[in-house]
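Undergrad: Spelled out, the chains give:
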Amino acid sequence: MVVLKYLVCLYLMIQVQALYEDQAGKFDWHQQLMGRPQLVLSSESQPLVVATEQNVLAALNHQTGALLWRRVLERGAAGQLRLLLNSDGEVVTFSGPNLVRVWSAPTGQLVSETALDLPETTGQTFVLSSGARELAVVHLSSPRSELHRMSVGSDQHTTESLDTPWADGASCVSGRETLLCRHSSQLYVLSVGSARSEITAVPLPPAAAAPAQLRHLGSDLYSATGAGRLTVLRAAAGGVTTVREGAGDMACLSGPDGRQTIYVGNNKQDKVVPAVQFESVSLSGGPTSAPTGRLQLSTRHGPVDACHVLTAPGSAAPRILLVGSDDAVTMIQLGDGVLWTREESLASILAVEVVDLPMSANQVSIEEEFGDQAADPISALLLRMSSQWGQLAALAAGVVRPTRDRAADVNHLTRDSFNTHKMVVLVTAAGKVLGVHSETGSVLWAVPVAGLSPPPAADSVVLGLQRGTAHFPHPPVAVLLSGRLLVTFNPITGGDLQAHQLPYEPTQASLLPHADNTHLKPLLILDSAGAVHVWPESAESLAKSLHSKLFFYTVDVKSSTAQGSAVNQALETVPSWRLDLGSQGQTIRRVLAKSPHERVHSQGRVLADRSVLYKYSNPNLVLVLADAPDPVHKHSTTAYLVDAVTGHLIYSHVQRRVRCPCHAVHSENWLVYSVYNEKARRTELTSIELFEGKVQANASAFSSLEAPPQPMVEKQTFIFPTQIEAMRETITEKGITTKFIMFALTSGSLVTLNRALLDPRRPLTPGRASMEEGLPPYTPELPLPTVNVVNYNRTLQHVSGIVSSPSGLESTCLVFVHGLDLYHTRVFPSNMFDQLKDDFDSTFIVLVLVGLIAASAVTRRLSQRRALQLAWK
Amino acid sequence: MTVDRILNHSLVLLSQLLLLATVCSGDYDSDGQLTVSVLHSLDPSPRGVFTPRGAISVRSLRSGGSATYQPTGALSSAELAQLKTLVENDGIYRLKLTAQSLDGRKTEVATFVKACHLAESGLRDTLLLTMDAAGSLVAASQLTDAGRCHGDSLAALDGLHGFNTDVTIRQTEPGPIPDTASFIQKIEQEKLAKQRGETKDNRSFIAKYWMYIVPAVLLLMVSGGSDPPQQGGGGGGR
Numbered sequence: 001m002v003v004l005k006y007l008v009c010l011y012l013m014i015q016v017q018a019l020y021e022d023q024a025g026k027f028d029w030h031q032q033l034m035g036r037p038q039l040v041l042s043s044e045s046q047p048l049v050v051a052t053e054q055n056v057l058a059a060l061n062h063q064t065g066a067l068l069w070r071r072v073l074e075r076g077a078a079g080q081l082r083l084l085l086n087s088d089g090e091v092v093t094f095s096g097p098n099l100v101r102v103w104s105a106p107t108g109q110l111v112s113e114t115a116l117d118l119p120e121t122t123g124q125t126f127v128l129s130s131g132a133r134e135l136a137v138v139h140l141s142s143p144r145s146e147l148h149r150m151s152v153g154s155d156q157h158t159t160e161s162l163d164t165p166w167a168d169g170a171s172c173v174s175g176r177e178t179l180l181c182r183h184s185s186q187l188y189v190l191s192v193g194s195a196r197s198e199i200t201a202v203p204l205p206p207a208a209a210a211p212a213q214l215r216h217l218g219s220d221l222y223s224a225t226g227a228g229r230l231t232v233l234r235a236a237a238g239g240v241t242t243v244r245e246g247a248g249d250m251a252c253l254s255g256p257d258g259r260q261t262i263y264v265g266n267n268k269q270d271k272v273v274p275a276v277q278f279e280s281v282s283l284s285g286g287p288t289s290a291p292t293g294r295l296q297l298s299t300r301h302g303p304v305d306a307c308h309v310l311t312a313p314g315s316a317a318p319r320i321l322l323v324g325s326d327d328a329v330t331m332i333q334l335g336d337g338v339l340w341t342r343e344e345s346l347a348s349i350l351a352v353e354v355v356d357l358p359m360s361a362n363q364v365s366i367e368e369e370f371g372d373q374a375a376d377p378i379s380a381l382l383l384r385m386s387s388q389w390g391q392l393a394a395l396a397a398g399v400v401r402p403t404r405d406r407a408a409d410v411n412h413l414t415r416d417s418f419n420t421h422k423m424v425v426l427v428t429a430a431g432k433v434l435g436v437h438s439e440t441g442s443v444l445w446a447v448p449v450a451g452l453s454p455p456p457a458a459d460s461v462v463l464g465l466q467r468g469t470a471h472f473p474h475p476p477v478a479v480l481l482s483g484r485l486l487v488t489f490n491p492i493t494g495g496d497l498q499a500h501q502l503p504y505e506p507t508q509a510s511l512l513p514h515a516d517n518t519h520l521k522p523l524l525i526l527d528s529a530g531a532v533h534v535w536p537e538s539a540e541s542l543a544k545s546l547h548s549k550l551f552f553y554t555v556d557v558k559s560s561t562a563q564g565s566a567v568n569q570a571l572e573t574v575p576s577w578r579l580d581l582g583s584q585g586q587t588i589r590r591v592l593a594k595s596p597h598e599r600v601h602s603q604g605r606v607l608a609d610r611s612v613l614y615k616y617s618n619p620n621l622v623l624v625l626a627d628a629p630d631p632v633h634k635h636s637t638t639a640y641l642v643d644a645v646t647g648h649l650i651y652s653h654v655q656r657r658v659r660c661p662c663h664a665v666h667s668e669n670w671l672v673y674s675v676y677n678e679k680a681r682r683t684e685l686t687s688i689e690l691f692e693g694k695v696q697a698n699a700s701a702f703s704s705l706e707a708p709p710q711p712m713v714e715k716q717t718f719i720f721p722t723q724i725e726a727m728r729e730t731i732t733e734k735g736i737t738t739k740f741i742m743f744a745l746t747s748g749s750l751v752t753l754n755r756a757l758l759d760p761r762r763p764l765t766p767g768r769a770s771m772e773e774g775l776p777p778y779t780p781e782l783p784l785p786t787v788n789v790v791n792y793n794r795t796l797q798h799v800s801g802i803v804s805s806p807s808g809l810e811s812t813c814l815v816f817v818h819g820l821d822l823y824h825t826r827v828f829p830s831n832m833f834d835q836l837k838d839d840f841d842s843t844f845i846v847l848v849l850v851g852l853i854a855a856s857a858v859t860r861r862l863s864q865r866r867a868l869q870l871a872w873k
Numbered sequence: 001m002t003v004d005r006i007l008n009h010s011l012v013l014l015s016q017l018l019l020l021a022t023v024c025s026g027d028y029d030s031d032g033q034l035t036v037s038v039l040h041s042l043d044p045s046p047r048g049v050f051t052p053r054g055a056i057s058v059r060s061l062r063s064g065g066s067a068t069y070q071p072t073g074a075l076s077s078a079e080l081a082q083l084k085t086l087v088e089n090d091g092i093y094r095l096k097l098t099a100q101s102l103d104g105r106k107t108e109v110a111t112f113v114k115a116c117h118l119a120e121s122g123l124r125d126t127l128l129l130t131m132d133a134a135g136s137l138v139a140a141s142q143l144t145d146a147g148r149c150h151g152d153s154l155a156a157l158d159g160l161h162g163f164n165t166d167v168t169i170r171q172t173e174p175g176p177i178p179d180t181a182s183f184i185q186k187i188e189q190e191k192l193a194k195q196r197g198e199t200k201d202n203r204s205f206i207a208k209y210w211m212y213i214v215p216a217v218l219l220l221m222v223s224g225g226s227d228p229p230q231q232g233g234g235g236g237g238r
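Chains as they are written, first to last, in this note's numbering: chain D, 1 to 873; chain B, 1 to 238.
Rather than coming from a laboratory, the hints here were simulated on the basis of the structure.
Check the hints yourself; a few may be wrong.
Straight-line Cα separation of at most 25 Å, SDA-like style, residue types lysine to any residue; simulated pairs [said to hold, decoys possible]:
| no. | chain 1 | residue 1 | chain 2 | residue 2 |
| --- | --- | --- | --- | --- |
| 1 | B | 208 | D | 771 |
| 2 | D | 679 | B | 128 |
| 3 | D | 634 | B | 135 |
| 4 | B | 186 | D | 719 |
| 5 | D | 715 | B | 135 |
| 6 | B | 84 | D | 570 |
| 7 | D | 694 | B | 148 |
| 8 | D | 634 | D | 719 |
| 9 | D | 694 | B | 186 |
| 10 | B | 194 | D | 763 |
| 11 | D | 615 | B | 128 |
Just chain D, same shape as in the assembly (with noise of 0.2 Å):
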């Protein structure tokens, strides 16, 4: 019987919300990208072939840009795609270090996949194509190379060395035939074209010095690129030649051999739109008859950083493919115009911020209708009359005359009546800032950001809401600072973007909790010399005035220290604690402290014999992992507990033969961290969750400074069933919600998994003040049910990050996944309490009310006629 109270209850928990087949993308939207394009395969016949930055495989509509299909191989360098050639309806692609694989072009299907034998080698790996299915793969090192040869299909290879003193420091572009390298004051060309490989050393034309970009543009032809300057040249057995020479900023090639035509491409600027002008150049020397053009592009996009011509010149337009120095790819026709847009840059994803939309005139209403509780009871009533007045107006101005759609403007965005819909402000590696539509996934603004990209590290970028929608007149404002660039926009709109080049190096920035008097909360900068600054400077008495509540902290991951300082009245920070974590070789792998937005709604947890156990919340309270290779056990993994304001290291642990990647989530009083156990090869997740006690030392603030004693910490392992790309926990407007924790795995799932599942309270043994509280019995191995899947059949790659939003409603959540595939939704934690059923049938309850309506004034005039008859009688 308790067992089976125990399964009926731990059914309950793991049964969240499956949805209907039809519930499908009703609350969700899935974009999948591909990232930057590297290379680029174009036959008529076929679909356009794209090989990307991010080891993407793709196949692409010609005229709308949609994706045919997509094949997302391996992180990092083995999965770099090297080689991409076109073999009679075939697709041929060289990835990592000896992966060969044949895809059929028009359904990407893997056709065959060899693994070379190759030996492995520590300098660069080039791969050249000296026929149709005929590769040669050098391994560039000094002072010899090698090349190896070896035709698709089969793995036999003839191996060569070669003489490379100066394969050191050397940049190297591989074409077809011809491996370009510069180096120093020479340009040294290996061909593989004939039997035996030859290398040619020239010295360096000046337009192809150090600055300048080398890039291969199509058979033997090479281009070198640098301030507004564009050099073609052609490298083969013999030497280097100069074709052209001018005025350019990119160039493609198209045609057969013979026939080829270049078209250089230059960056121009009409107005605030930038635009490209084409010119071609005819390589057999006679003039050309292919068209030339000038073409805008939209204000959305940055300057143009390459082109791939898509037709033979015989046909009346051209179409060039250009990839945009933000990530956008283009597909133009010269003379006709942009056909279509594809924005890249949301593969690369480095900071998001969900804004709430502003309110309408009608919500403004109803909210001022309740705001002011103190006013008297007449006034009250006026203003509650004049209010509901205009709203019956305004309800009845709707019904007349229908207002349009006004989603995609802008400027007209507001917030829907349970603030589901909100602005996504995404900042992206490409150095371009974006506002994204929650409930569409429409781009609604974009502006690439001079001087943003590349970040100088990936969690450097830091992006804040400074004043939200809700304080008009004031707009909204969001600030964004990458090393020394400081960004300030409107994310709502995009507008207002003003960028400052600050005169500091920067080290750590976070917004006061405080706003001045025209509620925009500054943003604190703590530079590299210990000074803190404030943005806007005006706010800078606001935070002097506030200097003995201000504590920072930094983790320096060389030196593996962690170091808090207080500020002085002169905003100077005074180093105040200082930990060091860096022994037997450790390296801190994440820092994580809790939402800042997070509200905790029950201080503690009702026990079996009715007493509380008071949370320990603290809010300054940061988690630490690091790791360090251990002599006996492999690898151990430490977890520090930390105060960022004393520096008092609140709990610590070690385990043994676990490493990272670590993924962490941190929430109310409890945090949930995967470490990989390389004993097990499984990924384990270890829970912490900290208690004040049955009594509260302050029960109406919490200080750091004036801490209560030492937490109960309580701790458990589980064994997670699958590995972990990323982590995070729901949020909800109170916080009153249950929370579950969502995991992106690597097989493309998005999984939820309840919270109470994780509590390390759970009891070995059952008992009867355990199954009371609701606590399930520990089970090692947790439960991954299918149904738990929130993204159903939509899979998502390489998932960067996930984050978790409030709406208006406390039982919804909303989620936000990128990654190579953008991905929104609604979570229900504990089902849709606060709301009905989206099937709810609203019809049939207002006919069948009807009916009784009706039903009950036909009886009741039946039943006075018989009460009349009666009287009569």
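Since chain D is already given, all that's left is putting chain B on it; use the hints.
TA: This is chain B only, laid out in the frame that chain D set:
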């Protein structure tokens, strides 16, 4: 014979290694003691002027650790005056601890406490040192028993000339591992108990057979209710 010799040899080598280790790490005494020097700053400026305050010798790290604190000397009147200014300005009293671990790495950790807390506790504090498994100093915390500052901090300082310091050593504890062994044991015990028929069903009769009783009662009620129609009708009409 040969084995013996090799053993002897290795023993000699081992002792030499030990000797080397003790020579290398100057802060470790011959009996495995770790000395942590404690410096403090009564200066509110960002850099601070750190002067020696005492030393902690840590013994026997293996068994939980025990430590003694040896103060350098009593506070001079100048230092007391500095401390009083710190308390008046609501400043922080900073400590810096340096040690050398077994592998020869120098570690430096720092901590602080509000000067008024220190004054109100009568200069009585506890230093909590956290060491990791290798005996390296990871963190230090200075704890006082004053809950919050009441404002009469200066008066509490009268007549005090030195710190009264306790030292507590804490080691990084081993983390939890998935408890598969006891879970499997529990499952097997349950299985065994089931096989032996030991599981005594001590539920009450109703709890055991409610699924049979409820339908029977319902059936009885339904058939019994439809039996006497006259009585029911009469009652309803009245």
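Undergrad: Evaluate each hint against the coordinates.
TA: Comparing the hints with the structure gives:
1. Of the pairs offered as hints, the one joining residue 208 (chain B) and residue 771 (chain D) holds, with about 20 Å between alpha carbons and a cut-off of 25 Å not exceeded.
2. For the suggested pair residue 679 (chain D) and residue 128 (chain B), the alpha carbons sit about 34 Å apart, so the restraint of at most 25 Å is broken.
3. For the suggested pair residue 634 (chain D) and residue 135 (chain B), the alpha carbons sit about 19 Å apart, so the restraint of at most 25 Å is met.
4. About 18 Å separates the Cα atoms of residue 186 (chain B) and residue 719 (chain D), which keeps this hinted pair within 25 Å; it holds.
5. Simply put, residue 715 (chain D) and residue 135 (chain B) have alpha-carbon atoms about 24 Å apart, close enough for the 25 Å limit, and the pair holds.
6. The suggested pairing of residue 84 (chain B) with residue 570 (chain D) holds, with an alpha-carbon distance near 21 Å, which does not exceed 25 Å.
7. Straight-line distance between C-alpha atoms of residue 694 (chain D) and residue 148 (chain B) comes to about 21 Å, which keeps the hinted pair within the 25 Å bound.
8. Among the hinted pairs, residue 634 (chain D) with residue 719 (chain D) is consistent with the structure: their alpha-carbon atoms are about 20 Å apart, no more than 25 Å.
9. Note on residue 694 (chain D) and residue 186 (chain B): the hinted pairing is violated, with a Cα-Cα distance of about 31 Å set against a maximum of 25 Å.
10. Taking the CA atoms of residue 194 (chain B) and residue 763 (chain D), the gap is near 22 Å; set against the 25 Å cutoff, the hint holds.
11. This hinted pair checks out: residue 615 (chain D) and residue 128 (chain B) have alpha carbons roughly 23 Å apart, not beyond 25 Å.
Checked against the numbered hints given earlier, this structure breaks hints 2, 9; the rest are met.
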